[in-house]
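J.: Add chain U to chain P, keeping to what the hints say.
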Amino acid sequence: MSKNVSAPLLRTARLLDLVPYLNTHQGIALKELATHFDVTPAQMSADLTTLWMCGLPGYTPLELMDLEFESGYVTIRNATTLSKPRTITFQECVALLLGLDLIAASLPDDRHDLLVAISSLRQRLTDLFGIPVKVSAIPAASGEITNAITHAVQTSGGLLIRYHSLYRDEISERTVMPIDLYESSGHQYMKAFCFTALDYREFRVDRIDSAKSTLVSTDVVEQKSTQEKITYSITAKQPSRDVAERFAIADMPAGGSIELSSYSRQWIERSVMASGGAVLLTSPLAIRDEVAKKAQLMLNRYKEA
Amino acid sequence: MSRKIERLINLTIALLATTRYLTKTEIFRTVEGYEGSPETKERMFERDKDDLRSLGISIDVGSFDPLFADEAGYRIKAENYQLDLGEITPTEISLLSLAADAWQDAAFADAAQSAILKLSSFGVPADPIDIPGASQKLSNSSADLETITGAIGTSDLLVFDYLSTDLVAEERTIIPIALSNKSGFWYVSGVDNQLQEIRTFRLDRVQGSLTVRKNKDAFEYPADFELNQVDSAATLRFAIIDVRKGKGHALRTLATSVKDLGEWDQIRIPIYTIEYLTAQILWHGEDVFVHEPADLRETVISQLQELLINHE
Chain P
1 MSKNVSAPLL RTARLLDLVP YLNTHQGIAL KELATHFDVT PAQMSADLTT
51 LWMCGLPGYT PLELMDLEFE SGYVTIRNAT TLSKPRTITF QECVALLLGL
101 DLIAASLPDD RHDLLVAISS LRQRLTDLFG IPVKVSAIPA ASGEITNAIT
151 HAVQTSGGLL IRYHSLYRDE ISERTVMPID LYESSGHQYM KAFCFTALDY
201 REFRVDRIDS AKSTLVSTDV VEQKSTQEKI TYSITAKQPS RDVAERFAIA
251 DMPAGGSIEL SSYSRQWIER SVMASGGAVL LTSPLAIRDE VAKKAQLMLN
301 RYKEA
Chain U
1001 MSRKIERLIN LTIALLATTR YLTKTEIFRT VEGYEGSPET KERMFERDKD
1051 DLRSLGISID VGSFDPLFAD EAGYRIKAEN YQLDLGEITP TEISLLSLAA
1101 DAWQDAAFAD AAQSAILKLS SFGVPADPID IPGASQKLSN SSADLETITG
1151 AIGTSDLLVF DYLSTDLVAE ERTIIPIALS NKSGFWYVSG VDNQLQEIRT
1201 FRLDRVQGSL TVRKNKDAFE YPADFELNQV DSAATLRFAI IDVRKGKGHA
1251 LRTLATSVKD LGEWDQIRIP IYTIEYLTAQ ILWHGEDVFV HEPADLRETV
1301 ISQLQELLIN HE
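Protein chains in written order, with the working numbering: chain P, 1 to 305; chain U, 1001 to 1312.
All the given hints hold, so there is nothing to weed out.
Straight-line C-alpha distance at most 27 Å; calculated DSS-like pairs for lysine-lysine: (1) U/Lys1118 <-> U/Lys1049; (2) U/Lys1182 <-> P/Lys212; (3) P/Lys293 <-> U/Lys1247; (4) P/Lys212 <-> U/Lys1247; (5) U/Lys1245 <-> P/Lys212; (6) U/Lys1247 <-> P/Lys303; (7) U/Lys1004 <-> U/Lys1118; (8) U/Lys1077 <-> U/Lys1004; (9) P/Lys191 <-> P/Lys229; (10) U/Lys1049 <-> P/Lys84; (11) U/Lys1245 <-> P/Lys293; (12) P/Lys31 <-> U/Lys1118; (13) P/Lys84 <-> U/Lys1118.
Read the hints as simulated data drawn from the structure, not as lab findings. All figures in this text were calculated on a predicted structure; none of them were measured in a lab.
Chain P with its partners taken away, still in its complex shape (with noise of 0.2 Å):
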């Protein structure tokens, strides 16, 4: 239910749906009741003495609904208006269509029975609604990746994984010990302990392409971290949204200096050659040269040919 529905709103919601819900779990235990409707056990007593004040019109006992609660247990009786379970409303359409995407990208591939399952809900769901519901959501990564990241996480277990860099444009193999997985900034992350590099490492899991389990000693793994940050210095010549996020700065005056950090010296590099000329590394110096060096290289190049 929305957050902005008001509580009494929220508690015709409730009962409204506690009628069809008794219908098909008659003699349920109150205290049962009140944990499956997220209520007290008091709260769900009030409710039902309320729900039991009202029927059809006329309002004798013959058209009231009949409820028994007394004892500790639930029945209901004589609700035959209320009793189907109330349509969803678009939003919780919506939530569960996504949602059901999500799972439909994470199953193994010998789960196609699972697979027809959940396009059909879909279909059936998509069609309580007039109009086309067009929702979707594709994971970052494989499932089976993440799969085996959690799993290794849970049993403190070993990946051999190969793994693309982006700053060192380069695939690796290497030996991880993942000790986390979290989202940053739309990305998904692992942070392990890499048996390469012998110190712990954050690697982007959409850029793993592959990961199988392998046996780690775990007495290597200690607390330490030795990278270094480099501070750099870049003036934004052209302002543009491509350059804002590539460095997630959110702020970029024109003109002025703005001081970041990085651990990777590549990545700075590489950053701004993708810049072209929007963008002015001012420090460290020896960067800056690199940067110099390779354009006039690059240029070389086209010249020549």
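T.: Just chain U now, kept in the frame of chain P:
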């Protein structure tokens, strides 16, 4: 408070049980809880109708005889009130529960759980299925998703400031038709009011909040719109570039053909925008060389010249 709740339940029951439209007079006479002056009853009834509608209950308005303009009547049709998903299997119940759990603490978690609560009334036991991959979660706790979904459902206008590629916030007005999540980013697609064409916007590029404005015009849903459609090969242009062996993986994944040149490979990749591809090419430095088209090549060269002047 519970008197109002009783009245709402009684009204729902009465409007559901009737096989014909009930007039207001009949409702006030028979449904318990309508008391006071005619104006008071009138106000009560108007509010009650709004309240029920906000719970997703649709109330039909009609008259007994369409040929005569007599007093309007009200009823709730069972087919609109009840959830009709046909026969539901235990496996399907489990899949829907997993789908709801994908939201965890995110924006639609409440909506998803409320749907599951309704589904539990079918009394179909869940058949637990083990999907190791169901660890994927949908994240986003912003209220924007609710606003957007609401506007999609009613075909209303969505107004927001969007960060253009030049980093300028521009006001956009769209009729939203789709919501999607791809690689961790949320997108809303809709018919842009000014361009009268479908555009897709990334939600983290929206500045401030989105507002909904009532759409008074009839809206025809674009029939041929599909999410995640791939631009057809006919409209796409292609670039021919050389990539050093063992390098340029990000570009290689886009390649439609690869030719082995020894130390280099020559690949053909689609051009979505010249700007985007130029940045990709420059990122790879000396490991990539552009042959064609000429405009891409010239853009790369002029950016390199600027880089050189700036950093010399």
